[in-house]
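J.: Use these hints to put chain H onto chain F, whose structure you have.
Protein chains: 2
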Amino acid sequence: MKKILNDPKNFVPEMLDGLLKAHADQLSYAGGDVHCIVRADAPVQGKVALATGGGSGHLPVFLGYVGKGMLDGCAVGDVFQSPSAEQMLEVTRRIHGGKGVVYIYGNYGGDVMNFDMAAEMASMEDIEVRTVLVKDDVVSNKDPEKRRGVAGMVFAFKCAGAKADQGGSLDEVEAIARRALANIRTMGMALTPCIVPQVGKPTFTIGEDEMEMGMGIHGEPGISRESLKPANEIAERMLKTIREDLPTASGDRVAVMVNGLGATPPEELYIVYRRVHDLLTADGIKIHRAYVGEFATSMEMAGCSLTLFKLDDELAALLDYPARTPFFVQV
Amino acid sequence: MKKILNDPKNFVPEMLDGLLKAHADQLSYAGGDVHCIVRADAPVQGKVALATGGGSGHLPVFLGYVGKGMLDGCAVGDVFQSPSAEQMLEVTRRIHGGKGVVYIYGNYGGDVMNFDMAAEMASMEDIEVRTVLVKDDVVSNKDPEKRRGVAGMVFAFKCAGAKADQGGSLDEVEAIARRALANIRTMGMALTPCIVPQVGKPTFTIGEDEMEMGMGIHGEPGISRESLKPANEIAERMLKTIREDLPTASGDRVAVMVNGLGATPPEELYIVYRRVHDLLTADGIKIHRAYVGEFATSMEMAGCSLTLFKLDDELAALLDYPARTPFFVQV
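Chains as they are written, first to last, in my numbering: chain F, 1 to 331; chain H, 1 to 331.
Hints were generated in silico from the structure; no laboratory data involved. Heads up, the beta-carbon is just placed ideally off N, CA and C, and yes, glycines get one too. Take the hints with a grain of salt, since some may be wrong.
In silico PhoX-like pairs for lysine-lysine, Cα to Cα no more than 20 angstroms straight-line [to be verified]:
1) F:K2 / H:K2
2) H:K9 / F:K229
3) F:K21 / H:K310
4) H:K229 / F:K2
5) F:K310 / H:K21
6) H:K2 / F:K229
7) F:K201 / H:K229
Just the calculated beta-carbon pair ranges, DEER-fashion [what the hints assert, rightly or not]:
8) F:I223 / H:D312: 55 to 63 angstroms
9) F:D209 / H:G207: 22 to 30 angstroms
10) H:E128 / F:A24: 37 to 45 angstroms
11) F:G207 / H:S123: 50 to 58 angstroms
12) H:G200 / F:R225: 21 to 29 angstroms
13) F:Q166 / H:S123: 46 to 54 angstroms
14) F:P230 / H:R324: 29 to 37 angstroms
15) H:T205 / F:P144: 42 to 50 angstroms
16) F:E226 / H:P221: 37 to 45 angstroms
17) F:A175 / H:G167: 46 to 54 angstroms
18) F:V331 / H:V199: 38 to 46 angstroms
19) H:L279 / F:D283: 48 to 56 angstroms
20) H:V112 / F:G46: 53 to 61 angstroms
Isolated chain F (complex conformation) (with noise of 0.2 angstroms):
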């Protein structure tokens, strides 16, 4: 296991104490825990909160997009694990600024049934919570509803958070963040497994000159295993794939995350841009901004991952709105 850690079983609360200090002037924590990430301004008296949650081994999801315009809390688990109902409970409690709370987070099961549970407890404690899930990973699954979430959470969280910081209502909000969503589709690929620290072997084995179409960010088998292709082939099944569920034609407008897995370099990223870029703009199609870097990984997994967003007038404006967090900034 080549990973530069101390104990295997410290990773995350240590990576959590380091990433606190880095960032003190923008995170806290509540209710003394460290995996229950709060804006250090929290709460933000009268204003909508967000909040997210899910495993370590993401990162900059989740918590490094805690901030304004963007999220005010975060609850955080063990690498690849869900946290607690009682700390998104605390998370929860701590952001409240009076105008309810919403859940904007990947369609997981076990983060599903535990911050379903943290809303049901907000609620005997007066703070009204709403549940918007995450379902953009366009192959993991033919039914809609039933698709995990990926990458593409970080346009809801993006949208969702720039209308609660211009006064947006909770009914608001939350529309915004169902209206972002339904027009995001995400695909995936990756070249090699990570190791999760306390497992210490790899998520899964592939072959030197294989590639997988389809793979989660927990390594969740895609849809083919297969040789290594060109850049511009793998960035043109992805496009097509994610266009055939989200019919885009000449005139629209979209945003573009082209996002690394973790160990594969920006340049490669920016290889895949390139073809993606291209096809769109040969169809008509206007790049309103375009995203190229690593904002869902999985840890040292090598590998990428394509998000289209379909905007329209408001969900473009929300897009461009300011945004300050550990790893997000936008003027």
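T.: Just chain H now, with coordinates in the frame of chain F:
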């Protein structure tokens, strides 16, 4: 070779094309050559211009720092190869705003030769060029004048860029770059090599349980090959080595950068940062700003570097000054 690319010989031009398309609002290129990256609004009249240059494969170094408050332009070579004197001259011509140009770049033979030639050619066109070499890699040579330049160059770009943006003269901007660099030291370590696309094999070999302390960002040999140590020990040794060369004492103020070389996840970088933070704080040294992430990489190399930047009031203010580039946004 497990990379997401097309023909390896097109790796750099395709990467640059993708990057220019993703950041068309901020970046452009000079002389019809995508290797000659400049600010989209270049030249900024009446401002001292800053340029850097070097081989590809180190994103965000170099071109990721071209933008308001940092660099005006950058000549980019093939992977780990210097750009030509003519390319640096093209950049120089395009960015010159009438107040001269400062070159700030890493101390590597090919770059020094080509950029000295570019400076000479520029002077024949009545463009005054000053050169400041980055030599922050503390273990790369006992003689400080012979050391290589690595991640610490980003702090020099930041401070000199701020000074230029504030209207500093050519003398003043050069002096700030020199003063910053006199107070910047970096040490790195690597766990795995990377693969240069056109070469197709790893830059070096290393055992599954080994690390190399002091390794350079092109795979230059370090000072010791040894068994992989815990994160805390790695952090302590890098910090100790740096502080032996850059004396720091209680009451001093520093900026810290923990930089990932490519494949090392941010989670691990925060574990390293945590130890550095605790050691400095215990010694009464104040951390003015912390930067944790990928700032100067070696494609998919695993490992990290630590940079310490000892601040005075002016350098701290210049570091705090806003900047906006494709890879570095500070408000």
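J.: All hints, please: hold or fail.
T.: Hint check:
1. F:K2 / H:K2: holds (18 angstroms)
2. H:K9 / F:K229: Since the Cα atoms of K9 (chain H) and K229 (chain F) sit roughly 16 angstroms apart, the hinted pair holds (cutoff 20 angstroms).
3. F:K21 / H:K310: holds (19 angstroms)
4. H:K229 / F:K2: At roughly 10 angstroms apart (the allowed maximum being 20 angstroms), K2 (chain F) and K229 (chain H) satisfy the hint.
5. F:K310 / H:K21: Satisfied, since the Cα-Cα distance of roughly 19 angstroms is no more than 20 angstroms.
6. H:K2 / F:K229: holds (10 angstroms)
7. F:K201 / H:K229: Status holds; Cα separation ~18 angstroms.
8. F:I223 / H:D312: 55 to 63 angstroms: holds (57 angstroms)
9. F:D209 / H:G207: 22 to 30 angstroms: Taking Cβ atoms as reference, D209 (chain F) and G207 (chain H) lie about 23 angstroms apart, which means the hint holds.
10. H:E128 / F:A24: 37 to 45 angstroms: 43 angstroms Cβ-Cβ, so the 37 to 45 angstroms window holds.
11. F:G207 / H:S123: 50 to 58 angstroms: Cβ of G207 (chain F) to Cβ of S123 (chain H): about 56 angstroms, so the range 50 to 58 angstroms holds.
12. H:G200 / F:R225: 21 to 29 angstroms: The hinted range 21 to 29 angstroms holds for G200 (chain H) and R225 (chain F), with Cβ atoms some 23 angstroms apart.
13. F:Q166 / H:S123: 46 to 54 angstroms: holds (53 angstroms)
14. F:P230 / H:R324: 29 to 37 angstroms: holds (34 angstroms)
15. H:T205 / F:P144: 42 to 50 angstroms: Check passed, 47 angstroms falls within 42 to 50 angstroms.
16. F:E226 / H:P221: 37 to 45 angstroms: holds (38 angstroms)
17. F:A175 / H:G167: 46 to 54 angstroms: Given about 47 angstroms between the Cβ atoms, the range holds.
18. F:V331 / H:V199: 38 to 46 angstroms: Holds, at about 40 angstroms.
19. H:L279 / F:D283: 48 to 56 angstroms: holds (55 angstroms)
20. H:V112 / F:G46: 53 to 61 angstroms: holds (58 angstroms)
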